[in-house]
Amino acid sequence: MGRKAGFADQTVYAAMASGIADGVMPGIRDISKASGVSIGSLYHRFGSYEGLLAETWAWSEGAYLQGVISHIHNTRGVRGGLRAALYMPRFARRESAAAPVLVSGQRTVLRHAALAQGTRIRAADILGRADAALTGFAEGFGLRRDEVELALIEYPRTVVAVQLGADGLDGSADALVRAAFWATISVQQQQKAKAA
Numbered sequence: 059m060g061r062k063a064g065f066a067d068q069t070v071y072a073a074m075a076s077g078i079a080d081g082v083m084p085g086i087r088d089i090s091k092a093s094g095v096s097i098g099s100l101y102h103r104f105g106s107y108e109g110l111l112a113e114t115w116a117w118s119e120g121a122y123l124q125g126v127i128s129h130i131h132n133t134r135g136v137r138g139g140l141r142a143a144l145y146m147p148r149f150a151r152r153e154s155a156a157a158p159v160l161v162s163g164q165r166t167v168l169r170h171a172a173l174a175q176g177t178r179i180r181a182a183d184i185l186g187r188a189d190a191a192l193t194g195f196a197e198g199f200g201l202r203r204d205e206v207e208l209a210l211i212e213y214p215r216t217v218v219a220v221q222l223g224a225d226g227l228d229g230s231a232d233a234l235v236r237a238a239f240w241a242t243i244s245v246q247q248q249q250k251a252k253a254a
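Numbering (our numbering), first residue to last: 59 to 254.
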């Protein structure tokens, strides 16, 4: 009664992300209230609360990881890694409603739901391809896998989290991510040269 009968999924995902940005995992009632979509409509569309969590993961972190994979595979050489690292602040600017999910500790809850629901094949595929891309980049440039994940994903995630928590995402995020990426690559190349 008085709730939207037809709705865009993105409205619901944005309501979930907004709650996550406030530091809590919103419940189904919170999502209904924030999105203006009835609880019945939410269950009808997503099947369960966990189904909503799974789809929110695909909309946010899943989409982000597909961009990382694309940059690593479609740009030759070390610049593919740099573009993948810079994709975090750029994605967060372009998809500002999804950004809170990318930097929240709640993303692990969403990922777990995505791997347990009807989205599990898609989620496992995205995560598997991301792992293969990061591993391939590491092997191609003589880096450890954990160093690559730090330089391409985790450090950019931290920069975005800090800036989103302050005054918002500005251009300095790109400069910080770029500097950290090149520092990681440079240190590893210097260590390899000394060992040779």
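Derived from the structure by calculation, the hints contain no laboratory data. Using N, Cα and C, we set each Cβ at its ideal position, and we do this for glycine too. Some clues are possibly wrong.
[As the list claims (entries may be wrong)] Label pairs and their computed distance ranges (CB to CB): (1) Ser-106 to Glu-205: 35 to 43 Å; (2) Ala-92 to Arg-151: 38 to 46 Å; (3) Arg-152 to His-131: 16 to 24 Å; (4) Arg-151 to Ala-241: 36 to 44 Å; (5) Ser-154 to Arg-236: 30 to 38 Å.
Going through the hints against the structure:
1. Between Ser-106 and Glu-205 the beta carbons are some 39 Å apart, a value that agrees with the proposed interval 35 to 43 Å.
2. For Ala-92 and Arg-151, the hinted distance range of 38 to 46 Å is not satisfied, since their beta carbons lie about 23 Å from each other.
3. The hinted window of 16 to 24 Å between Arg-152 and His-131 holds, with their beta carbons roughly 20 Å apart.
4. Distance hint for Arg-151 and Ala-241: a CB-CB separation of about 23 Å, inconsistent with the stated range 36 to 44 Å.
5. Distance hint check: the CB atoms of Ser-154 and Arg-236 are about 21 Å apart, inconsistent with the given range 30 to 38 Å.
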